[in-house]
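> Produce the entire structure from the sequences given, and follow the hints as far as they go.
Protein sequences appear in the order of chains A and B.
Taking this note's numbering, the leading residue of the first sequence gets 1, the next gets one more, and so forth.
Taking this note's numbering, the leading residue of the second sequence gets 1, the next gets one more, and so forth.
Treat the hints as calculated values from the structure; they're not laboratory data.
All of these numbers come straight from a predicted model, not from anything done at the bench.
Cβ atoms here follow ideal geometry from the backbone N, Cα and C, with glycine treated the same way.
Just so you know, not all the hints are guaranteed correct.
Stated by the list, open to error - Quick partial rundown of chain A residues pointing at chain B, CB under 7 angstroms, derived from the structure:
#1 T6
#2 G8
#3 G18
#4 G38
#5 H93
#6 T94
#7 S96
#8 W97
#9 A100
#10 V137
#11 W149
#12 Y155
#13 V156
#14 V161
#15 A178
#16 P197
Stated by the list, open to error - Label pairs and their calculated CB-CB ranges:
#17 A/L5 / B/M22: 44 to 54 angstroms
#18 B/A52 / A/K168: 35 to 45 angstroms
#19 A/L101 / B/L63: 58 to 68 angstroms
#20 A/G95 / B/S126: 52 to 62 angstroms
#21 B/V171 / A/P45: 43 to 53 angstroms
#22 A/R10 / B/E28: 20 to 30 angstroms
#23 A/A53 / B/A190: 29 to 39 angstroms
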Amino acid sequence: MPAELTLGRRLGLAICPGCLAICDIGRHSAVRCPRCGGTVHFRIPDSLQKTSAYLAAAAILYAPANLLPVMHTNSVLGEEDNTILSGVAELIHTGSWPLALLVFFASVVVPLLKLFGISVLVWMSARRAPDHQLARVRLYRVVEFVGRWSMLDVYVITLLVALVRMGKLASVSAGPGALAFAAVVVLTLLAARSFDPRSIWDPIATDD
Amino acid sequence: MASAPLSELHVCPQCDLVARPMPLQPGETSRCPRCGAEADHRARTSRGAALAIAATAAQLWILMNVFPLVALTLGGVKRETTLIGASVTLAQSGKAPLAALVGLTTVIAPGIEIAVALYVLSSLDSLARSGLLGRQVRWYQSLRRWSMVDVFMLGCLVSIVKLAHLADIVVGPGLWACAALLPVIAILNAYVRPHSLFGWINEAHAG
Chain A
1 MPAELTLGRR LGLAICPGCL AICDIGRHSA VRCPRCGGTV HFRIPDSLQK
51 TSAYLAAAAI LYAPANLLPV MHTNSVLGEE DNTILSGVAE LIHTGSWPLA
101 LLVFFASVVV PLLKLFGISV LVWMSARRAP DHQLARVRLY RVVEFVGRWS
151 MLDVYVITLL VALVRMGKLA SVSAGPGALA FAAVVVLTLL AARSFDPRSI
201 WDPIATDD
Chain B
1 MASAPLSELH VCPQCDLVAR PMPLQPGETS RCPRCGAEAD HRARTSRGAA
51 LAIAATAAQL WILMNVFPLV ALTLGGVKRE TTLIGASVTL AQSGKAPLAA
101 LVGLTTVIAP GIEIAVALYV LSSLDSLARS GLLGRQVRWY QSLRRWSMVD
151 VFMLGCLVSI VKLAHLADIV VGPGLWACAA LLPVIAILNA YVRPHSLFGW
201 INEAHAG
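Below you can see the structure in the form of structure tokens.
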């Protein structure tokens, strides 16, 4: 490994996650950033444990999020329960398949990508895998970038509940699946944020 | 405080590599040589332009909140909702946690994000002198992660398509404001970054 490949931890330096100041941690485990007052660590403390915990909770809630109805429609035409997937199917039937594809991506593909993607990242970091660093850091960035888009269905449900309230004529209410789905979204966001991408590179930092 | 040689070093937030970044021209971004994460960025724009963008965002945010987003007519009955109204209705139907999440990501986080940007950009020098700028930057950084106006806008479009074949839909001024806010918030986020804010301060000291 080339000599100029120096790591912040070796010099006692770390970047502040809040204001991006370079902080001198020295021999401490953490310091207060002199510029913004936030806490600066060499690595996010207990990153893999925290990430796994969020991930496990999200994985457990993933089943009710997809099996339970997220939306209940009550109208003169009868009652109807919709899950995430049946909502997508309904969009295909009404003829707007590009939108159906979009909702399918945001509500089905993105949560799965987050669950599997972060699992792979945690698993490889935990066994200190010395390979595929660039691919792994790219996966981390994709997961970080697309994560928020799975909030889409939460907003759709909110708007339908707020608009369709005509009593016996037609009314929409949020089902129990909606809460589970929102919890999956938030938990996977927190999982991505507690993962420390520096743990991808740590196994190859053995030049000393 | 950070000593002089320390300020010349950069430590990558994504792979911990120490690098000595080159001085940048306005509009340039330097990247970590190992993992490609952004290392440094120098703003192309002036503080004044960023402040104007923040003021625009604030006005659009107010319009988005005051006016109804969508109105729906079915069987002679008309229902319309504002952004806050949607969260409140959801809370009243017994889904308070869901309503809190929607309120946080569409009203509170974007609102505080824009307010902090306005405050920071309008009093950059006095904040830097009193040493309070760093804390504002940290708040801004953590808040904007929870601001999801763009996803919400898409949610509005999906809802309209879902309802369009059942009822008459009228798009309200709130939704137009939301649509206009999207690019403005994106530009604001590109301008108000730790590197550009502290860069403006350093330029003021140097010049």
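> If you test the structure against every hint from before, which numbers come out violated?
Of the numbered hints, 5, 8, 9, 17, 18 and 19 do not hold.
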